[in-house]
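Participant: Sequence:
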Amino acid sequence: MIPRTIPAWLRAAPAIFVMAWGGNHFTPLLHMYEALGHYTTVMADVFLGAYVVGLIPGLLIAGALSDRYGRKPLVIAGVITGLVASILLGFGFSSTVMLCVGRFLAGLSVGVAMSVGTAWLKELSAPPFDRQADSVAGARRPALTLTIGFGLGAGVAGALAQWGPIPTLAPYLVHIVLSVAVLPLLVTTPETVPRYRAHRPFWRDLAVPLAGHRRFLKVIAPSAPWVFGAAGIAYAIMPKLVDTQLGEFNLAYATLLTVVTLGTGALVQPQVARINARTNGRALVVGMGMMLVGILLSICAAATLSPVVALVTAIVLGAAYGVCVVAGLVEVQRISTPADLAGITGVYYSLTYLGFLLPVLFAALNSVASYTLLMSLLAVVCAASLVVVTWGIRRV
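Residue numbers (my numbering): -11 to 384.
Where hints are given, some of them may not hold.
[What the hints assert, rightly or not] Have a look at the derived ranges for each label pair, beta carbon to beta carbon: (1) V30 <-> A240: 21 to 31 angstroms; (2) S355 <-> V34: 16 to 26 angstroms; (3) A371 <-> N268: 17 to 27 angstroms; (4) V281 <-> L157: 33 to 43 angstroms; (5) L234 <-> T378: 30 to 40 angstroms; (6) T292 <-> V369: 16 to 26 angstroms.
Derived by calculation from the structure, the hints in this document are not laboratory data. Given the structure is predicted, the values throughout are model-derived calculations rather than measurements. Don't be surprised by glycine CBs; every beta carbon is placed ideally from N, CA and C.
Use the sequences and the hints to build the structure in full.
Facilitator: Here you go:
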């Protein structure tokens, strides 16, 4: 029996946490699949691509479904989908098809967590479900829950793969157990959407008019790709730059950078409300400024190939990620209504995931340009984005 004295948002948060865990526990294991499974680098990129393909319906379609049928059934379905994904990944190490399907389902589950889960926690962090929450809790709580899930999922999976038994299966067993454990909590969690309020064809619900809002176009959209752009640089590009210096500890170091990046992000997210208060609502500008500093440090890491510099870079980029993701959600929730909250949140997170294309793009361009040059060009683009966001916040 689940005590009803537990705040409603805390009953929903573990499901969001577990779905995020299931999305990122694969990331530090890529080296294991290449070393033990003899998968090529191209095949590893295909596994990542299958995840992104799954994210798209999770972010864009699940949000519209939850606006029509409610948050709870979609979140329950998302947890079950992530559980099935881990079963396929855990028992399909030697099957390309099972791994691709598993990664697709993992992406679908994470998409539900980010669009529907974020909307649900936001609504559960306001009256009548929570009368003590501050004005930023609706953005901070889901962002922090996702970040901790992403970080712990990667950290535990990487540690088990490096030092634990059955490295190809153990990381997924942990997620399977956690997924089963959180389902009972959802039974007593209240629904926040009136039951079946649809009065128009479903395909029309997929349209998100708020995506054309001036503030979305001039403030939110230019900053969104940098959210996971920071993460992609920190724990996808940095480990590759310094892998020749690490010997047999490549996997452990990649895991360390993932945990440090997301852990730093988790630590700074509760401070976004204070940053907004002290800067007159310009936390997003502060986050973009930190992003620029992190990219400048990444130039140094590319030039020196130093694991220490790469670690410092990951810390700064993690802080930038933490500020930008919460500040961006605050902006999204500022312009949204309950009827389109999940939909516009899905569009926002879809834009943030564009940042994960950076490692793939840089790997493709590395044959004609060094990482030092590519990072230098990226710094120029980041500076331009900072100017655009600063101007947008001031004028819109």
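Participant: Now tell me, hint by hint, if it's right for this structure.
Facilitator: Do the hints match the structure? See the list:
no. : hint                              : result
1   : V30 <-> A240: 21 to 31 angstroms  : holds (25 angstroms)
2   : S355 <-> V34: 16 to 26 angstroms  : holds (20 angstroms)
3   : A371 <-> N268: 17 to 27 angstroms : holds (22 angstroms)
4   : V281 <-> L157: 33 to 43 angstroms : holds (41 angstroms)
5   : L234 <-> T378: 30 to 40 angstroms : holds (38 angstroms)
6   : T292 <-> V369: 16 to 26 angstroms : holds (22 angstroms)
Of the numbered hints given earlier, the model fails none.
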